[in-house]
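Chemist: If you want the building blocks of each chain, they are given just below.
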Amino acid sequence: MTKHKVRKAVGYSVLNLVFLCLCFLGLIPILYALSLSLSSGGGALSSGITFLPSNPTLDNFKAIITEEPFLIWLKNSFILSLGTMVIAMGVSVEAAYAFSRFRFPGRGGVLKLLLLLNAFPQILSMFALFRLFKELGLLNRHLGLILIYAGSMCIFGIWNMKGYFDTIPLEIEEASKIDGAGNLKLLAAVILPLARPAIIVTSVMILIFVWNEYLFATTFMLSEGSYSLAGGLYQLQTGDYGRSWSMFSAAAILVSIPILIIFFFIQKYMVSGLTSGGVKG
Amino acid sequence: MKGKKKYQPWLYSSPAMILIGIIIVFPILYTGFISLTNMNLFHWLDYRVIGLENFKRALFKVDSGFLKALLTTLLWTAVNMALQLVLSYFIALGLNAPGLKLRRLYKTLLMFPWAMPAYVSILLWRVGMFNTEFGLFNKCLSALGLSKVNFLSENIPAFLSCMILNLWMALPFMIMMIDGALQSIDKCYYESAKLDGAGFWKQNLHITIPFIKPIMAPAVIMTTFTTFKQFDIFYLLTMQKGAYTGATIQTIITYAHQNAFVSNNYGLSSAVSIIIFGIIIALSLFTNRGVKETGEMALRKKGGAYDKA
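Line by line, the protein sequences are chains A and Y.
Here this note's numbering runs 1464 ahead of the position in the first sequence, where the first position is 1.
Here this note's numbering runs 108 ahead of the position in the second sequence, where the first position is 1.
Because the hints were derived from the structure by calculation, they are not lab data.
None of the values given here were measured: they were computed from a predicted structure.
Misleading hints may appear alongside valid ones.
[Said to hold, decoys possible] Just so you have them, the derived chain Y footprint on chain A, three or more residues with Cβ under 8 Å:
1. 1517-1528
2. 1543-1556
3. 1582-1595
4. 1611-1618
5. 1673-1683
6. 1709-1718
[Said to hold, decoys possible] Keeping only pairs whose Cα atoms sit at most 30 Å apart, straight-line, the calculated DSS-like set for lysine-lysine is:
7. A:K1467 to A:K1539
8. Y:K295 to A:K1526
9. Y:K176 to A:K1526
10. Y:K164 to Y:K176
11. Y:K113 to A:K1576
12. Y:K209 to Y:K114
13. A:K1469 to Y:K215
14. Y:K209 to A:K1472
15. A:K1576 to Y:K310
16. Y:K215 to A:K1641
17. A:K1472 to Y:K215
18. Y:K321 to Y:K215
19. A:K1467 to Y:K295
20. Y:K164 to A:K1472
Ideal placement from N, C-alpha and C gives every residue a C-beta, glycine not left out.
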């Protein structure tokens, strides 16, 4: 064992220790919430610091499902996510196809404009939308919120899928064109199946976006029955603390689990998309 | 046939364009119009056009609070970006140490804060970490025999709290990006550098940083925009509807939101919104080269969720 080797081994032990600490630090809020959600009623109020509740129980999870309208919020979130996905994908697939395949005057301009529009924080025009929707009677209705979400995710959908369509070789299309397929048929029968990965990732990201959105959800949905999960959780947490804080933790974990699963599932696509985008520039 | 071809792309994209027109473009134009009126709670219907009064008030009246909010926002962006870059650079370097066997495990664990829905994270921190009664920080303080601190009741501690939370939420993304960039560097540069006797700092300064700079540029620009536009953290941590904590920090975005939805000063709020639009357009043009990629990535990042507010 040379001196050099010993130094190296010590170095790596320190590095591993640092990373273990970092990971733990990063996970503390989540672990703490998890432990509170499993603790019995007064857990949040006790002064001890522990990540292992003394007698773990699922009572809080049961309570959030049976005592609070959690299932209604869940249903609303599903309606919003699915509705948004259908509308946003429905309109942006054709547009992405058009921007990818046709060269027409105004194409570049529109694409740039879309990016610029997307850079605007939508919250800044929220009041204008609010007033508009109030006049149209769309407040407090799923349709209104779905339109807002679909409109804002549409730009994302167009750009994301255009990028993928661009990578599908034109020859495949030309071959089927010679066989007599029209443009729309081509889109449905040839392009869509080829672009399935892009379509899945885009749809999932739209789902995640809606699932995670709270500001429009809490501003435009004014009655308890129409809250989405975000609105409901928001409500739970503004309410009386103590008991409801451990219930809130349970709800927060229930809401996050599907997102965490999806996130880690599509992570590799996201990262490769992000880094390849960076290298390209 | 030729004529039909010409309209086809517009036909295909028209549903999307109409939707974007109604949901994105029209509200922006409408905001522009409201900014020229005295619309507020008392003048909901009988508002009138007052020209550029609101802009004057926002920009030249110091007590309107807008300039202060703008300064806060700039400070917030600068401090956060500096910390984020330095911290994630060193963490990513550590992750890339050749003999680190548990790299994948660490990466996965470090990603968790990024994967959590943002509002859930912020609310968890608000009650789980910063709360005076049940918050973990205060539990630690009282376990050490110190008195409890109300982290969110005054501006400076609240600003720092927001910053810590922002770092917690944003570091994973930066670490991933720098990690990806580091892996694209050819190892032979380091070998020859070592032969030439360059130490750790020299290698970083002359090889690593110049190499990752062009790759990181779009990500950094994008994150700067996101940080600049950060709304959720300030809003959910210190000023939710009916749950003010006492801190009065305003960024330009929370300022616009507050004037629209709390003080019902729609005209002023819209003017501020238009000014922010202007700033963002100017910044976008300024970073023109990066805009395409940046925009593309801003779109991809979490489906824009983190970015949207």
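Chemist: Decide, hint by hint, whether the structure agrees.
Modeler: Going down the list of hints, with the structure as the test:
no. : hint               : verdict
1   : 1517-1528          : violated (count 0)
2   : 1543-1556          : holds (count 4)
3   : 1582-1595          : holds (count 13)
4   : 1611-1618          : holds (count 7)
5   : 1673-1683          : holds (count 8)
6   : 1709-1718          : holds (count 4)
7   : A:K1467 to A:K1539 : 64 Å, violated
8   : Y:K295 to A:K1526  : 54 Å, violated
9   : Y:K176 to A:K1526  : 47 Å, violated
10  : Y:K164 to Y:K176   : 15 Å, holds
11  : Y:K113 to A:K1576  : 23 Å, holds
12  : Y:K209 to Y:K114   : 58 Å, violated
13  : A:K1469 to Y:K215  : 26 Å, holds
14  : Y:K209 to A:K1472  : 14 Å, holds
15  : A:K1576 to Y:K310  : 41 Å, violated
16  : Y:K215 to A:K1641  : 47 Å, violated
17  : A:K1472 to Y:K215  : 22 Å, holds
18  : Y:K321 to Y:K215   : 22 Å, holds
19  : A:K1467 to Y:K295  : 25 Å, holds
20  : Y:K164 to A:K1472  : 64 Å, violated
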